[in-house]
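Protein chains in written order, with the working numbering: chain A, 1 to 113; chain B, 1 to 110.
One or more hints might be untrue.
Said to hold, decoys possible - Calculated lysine-lysine pairs in the DSSO-like style (CA-CA distance at most 30 Å, straight line):
| no. | chain 1 | residue 1 | chain 2 | residue 2 |
| --- | --- | --- | --- | --- |
| 1 | B | K57 | A | K9 |
| 2 | B | K69 | B | K79 |
| 3 | A | K9 | B | K68 |
| 4 | B | K69 | B | K102 |
| 5 | B | K102 | B | K63 |
| 6 | B | K42 | A | K57 |
| 7 | B | K79 | A | K57 |
| 8 | A | K57 | B | K102 |
| 9 | A | K9 | B | K69 |
These aren't lab readings, by the way, just hints derived from the structure by calculation.
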Amino acid sequence: DSGVTQTPKHLITATGQRVTLRCSPRSGDLSVYWYQQSLDQGLQFLIQYYNGEERAKGNILERFSAQQFPDLHSELNLSSLELGDSALYFCASSLQGGRDTQYFGPGTRLTVL
Amino acid sequence: EDQVTQSPEALRLQEGESSSLNCSYTVSGLRGLFWYRQDPGKGPEFLFTLYSAGEEKEKERLKATLTKKESFLHITAPKPEDSATYLCALLNSGNTPLVFGKGTRLSVIA
Numbered sequence: 001d002s003g004v005t006q007t008p009k010h011l012i013t014a015t016g017q018r019v020t021l022r023c024s025p026r027s028g029d030l031s032v033y034w035y036q037q038s039l040d041q042g043l044q045f046l047i048q049y050y051n052g053e054e055r056a057k058g059n060i061l062e063r064f065s066a067q068q069f070p071d072l073h074s075e076l077n078l079s080s081l082e083l084g085d086s087a088l089y090f091c092a093s094s095l096q097g098g099r100d101t102q103y104f105g106p107g108t109r110l111t112v113l
Numbered sequence: 001e002d003q004v005t006q007s008p009e010a011l012r013l014q015e016g017e018s019s020s021l022n023c024s025y026t027v028s029g030l031r032g033l034f035w036y037r038q039d040p041g042k043g044p045e046f047l048f049t050l051y052s053a054g055e056e057k058e059k060e061r062l063k064a065t066l067t068k069k070e071s072f073l074h075i076t077a078p079k080p081e082d083s084a085t086y087l088c089a090l091l092n093s094g095n096t097p098l099v100f101g102k103g104t105r106l107s108v109i110a
């Protein structure tokens, strides 16, 4: 158990809908990262937050957004969902950033029908 | 652009048959190379971090090594429970996120 929690575990929704994925980092960690993993793409970095502020951005679609709250939990919002958004979404956390080890949560499996 | 290439894509071993997984990389300035293990449908589990060429780290049947161009994950006398996908990821000198390879899917047969 990494100490990172994610909810829900599974999400099934329809095209065009909006969903919110939630992540609680390990106790004491200030950085939260979001990744998308699909079968053909591997783990793709989406976005990083550090202590409530956006720190780094990957190839995150404009339909996707995230935030980190004062209690350091984070939410990833996915809107206008398309079939191709079906994937595993992982949250990771680290103490601060940079060389600090990232510890991953169990993931949320999103299925868009 | 930073790149990570893992080989082979898949590896099938008999229990006890030692082997190595390769992670070759190109990066502007390496700050760290990370190895993770991932079981199907689960989140990646941290194994090792290597920071400089010549560094080695060990954990049970696993040993990770690093050169200026590649890293190896050596698996000695593997057991079926070592079956998983092994991912390597690199961190460069800038303020950029981890870049992951696509992984090596290891199957160890009893």
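Now for the hints, and whether the structure bears them out:
As the CA atoms of K57 (chain B) and K9 (chain A) are separated by approximately 33 Å, the hinted pair breaks the 30 Å bound. At most 30 Å may separate the alpha-carbon atoms for a hinted pair to count; K69 (chain B) and K79 (chain B) meet this at roughly 29 Å. Distance restraint check for K9 (chain A) and K68 (chain B): the Cα-Cα separation of roughly 39 Å exceeds the 30 Å cut-off, and the hinted pair is therefore not satisfied. Simply put, K69 (chain B) and K102 (chain B) have alpha-carbon atoms about 17 Å apart, close enough for the 30 Å limit, and the pair holds.
For the suggested pair K102 (chain B) and K63 (chain B), the alpha carbons sit about 20 Å apart, so the restraint of at most 30 Å is met. In summary, the hint linking K42 (chain B) to K57 (chain A) is supported, as the alpha carbons are separated by about 24 Å, within the 30 Å threshold. For the proposed pair K79 (chain B) and K57 (chain A), the alpha carbon gap of about 39 Å is over 30 Å, so the pair is violated. Among the hinted pairs, K57 (chain A) with K102 (chain B) is consistent with the structure: their alpha-carbon atoms are about 20 Å apart, no more than 30 Å.
With a CA separation close to 38 Å, the supplied pair K9 (chain A) and K69 (chain B) exceeds the 30 Å bound.
Comparing the model with each numbered hint stated earlier shows that hints 1, 3, 7 and 9 do not hold.
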